[in-house]
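Peer 1: The residues making up each chain are set out below.
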Amino acid sequence: MSTTQMLKGILDGCLLAIIKNKEVYGYELADKLETYGFHSFSEGTIYPLLLRMQKEGLVTSTLKKSTAGPRRKYYSLTPKGKQELDIFIKRWDDLQTNVNNVLHHESDTTTKKGDETIEE
Amino acid sequence: MKNEVKLPEQSITFIENLRIYLFSNGKNSEEIEEIIEELEDHLSEAEKRGKPIEKIIGKSPKEYMEMISNEMVIDYRTWFKYVLLIIIGTFSIIIMSDLSEGDLSYSVLEIVGDIVITAIFIFSVLKGFKYISTMKQSLWKQMAILIPIVMLPVFLFLGLIFLNRAVDTPMIHFSNMASMIIGIMTLLFIIGMSLWAKTWILIIVVAFITLPNYLLTQTSLQYETQLILEPIIMCGGIGIYLWISTILEKKKA
Chain H
347 MSTTQMLKGI LDGCLLAIIK NKEVYGYELA DKLETYGFHS FSEGTIYPLL LRMQKEGLVT
407 STLKKSTAGP RRKYYSLTPK GKQELDIFIK RWDDLQTNVN NVLHHESDTT TKKGDETIEE
Chain G
35 MKNEVKLPEQ SITFIENLRI YLFSNGKNSE EIEEIIEELE DHLSEAEKRG KPIEKIIGKS
95 PKEYMEMISN EMVIDYRTWF KYVLLIIIGT FSIIIMSDLS EGDLSYSVLE IVGDIVITAI
155 FIFSVLKGFK YISTMKQSLW KQMAILIPIV MLPVFLFLGL IFLNRAVDTP MIHFSNMASM
215 IIGIMTLLFI IGMSLWAKTW ILIIVVAFIT LPNYLLTQTS LQYETQLILE PIIMCGGIGI
275 YLWISTILEK KKA
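Protein chains in written order, with my numbering: chain H, 347 to 466; chain G, 35 to 287.
Simulated from the structure, these hints should not be mistaken for lab results.
Only a predicted model underlies this, so the values are computations on that prediction, with no experimental measurement involved.
Idealized CB from N, CA, C, for every residue including glycine.
The reader is advised that the hints may include incorrect statements.
Unchecked claim - Under the rule of at most 20 Å between Cα atoms (straight-line distance), these lysine to aspartate or glutamate pairs were calculated in the EDC-like manner:
(1) H:Lys401 <-> H:Glu430
(2) G:Lys40 <-> G:Glu50
(3) H:Lys419 <-> G:Glu64
(4) H:Lys411 <-> G:Glu65
(5) H:Lys419 <-> G:Asp132
(6) H:Lys411 <-> G:Glu68
(7) H:Lys401 <-> G:Glu50
Claimed, not checked - Which stretches of chain H does chain G cover? Using the computed rule of at least three CB atoms under 8 Å from a CB of chain G, they are:
(8) 354–361
(9) 422–432
(10) 439–451
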C-alpha cells in the first residue's frame, strides 16, 4: 500500500486541525503539512479535499486581498468542522492505539507452524 | 496574469487544460475561476521555491483534473443555458434570415435535420474539448481534432440542403400572419435569452445576418453591389463587435 493511499482520510483530519488554529490559504496549508513531515504527497491533493469539506460545510472560505500579489482564498472552520475534528481526534487515538497494540504485540512474537505462536 | 512570478509553460498549459476540462464537464464558471486562481497562486508559490509541477499535481495531470472535477457539482443551469442559447440561437438566425426574404415554409426533413445537427454539434464540441484537455498533444494534433468538429455541422447542413432537394417530405407553409407571429415570438425569445444569459452576442449576430440583406434591397444599389456588400457588412459587423467586447472584457479583468 502506498503512503498516498494510507493518507486518504487522515489528511482530512490534519487539514481541519491546521485550519482550526488560524485562517490559512492553500499554499500555506501544503507548506505546513510539509514542515510537519508530510513529504511524499502531491500538494495539489489538498484542493479536492478542501472543495469537498466546503461542500460538506466543514470549512468556509473568504477571498482576501493580500498586500502583495493576488487575492487569496482563506479557509476557516465552521462549528460543524470543529465537531468533525473532535470526532477525527477520537478516531485517530483509537486507531493509533489499536495499530500500535498490534504491531508491538506481533513484533514480540514469532510465528511457527500456522496458528501456534511462541513467546520469546 | 495577476501573479508576480511568471509561470512556466508547463503550468500555464495545465491551468488552461483544467479550465477547458472543467468547463466541458459542465461546472459553474465562477467556481472554475476560483479553483483556477487558487491553483495559479499555489503553482507560482511553488515555482518561487523551485518545486516542479509534479510535486503539486502528481504524475498524471488527467487524474488530478478528474479529482478536482469529481468534487465540483455539475451546474445544470449554466449547461442548460449554453445549450439553449446555441439551439435557439441557430434557429432564430435561420428563421430571421428566412423572414427577411418572405413568408416561412419548411419541410419536415429540414426541421428534424436542423435539430439533429445542432444536437450532434453540441455533443461533439463537449466531447472534443474534454478529450483535448486531458491529453498531452501538439497544436497540430489538437487542430486535427477541432477542425473536423467545427466543420462537421457545416457539411451536415450542406448535406441536409441537398437531401432536402432530393427527398420529398411534407412541406409546412406558414401564412403571412403565422410568419409574422413566429417572427415576433423569435424576436421575443432572442431578447429574453439575451437578458437571461446577459450577453448581446445573439442580438448582434441576428441583426447583422438579417438586416443588411433587408436594408440593401431597399436601396437603389445594383444587385451585384448588394451581393458583395452583404457579406462584408455581416462579417465586418460581427467581427467588430467581437473585437470591442474582447477589449471591454480585458479592461474589466
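Peer 1: Take the hints in turn and mark each one as holding or not.
Peer 2: Status of the hints after comparison with the structure:
no. : hint                  : result
1   : H:Lys401 <-> H:Glu430 : holds (14 Å)
2   : G:Lys40 <-> G:Glu50   : holds (15 Å)
3   : H:Lys419 <-> G:Glu64  : holds (14 Å)
4   : H:Lys411 <-> G:Glu65  : holds (18 Å)
5   : H:Lys419 <-> G:Asp132 : violated (51 Å)
6   : H:Lys411 <-> G:Glu68  : holds (14 Å)
7   : H:Lys401 <-> G:Glu50  : violated (25 Å)
8   : 354–361               : violated (count 0)
9   : 422–432               : violated (count 0)
10  : 439–451               : violated (count 0)
In this structure, the earlier hints numbered 5, 7, 8, 9 and 10 are contradicted, and the remaining ones agree with it.
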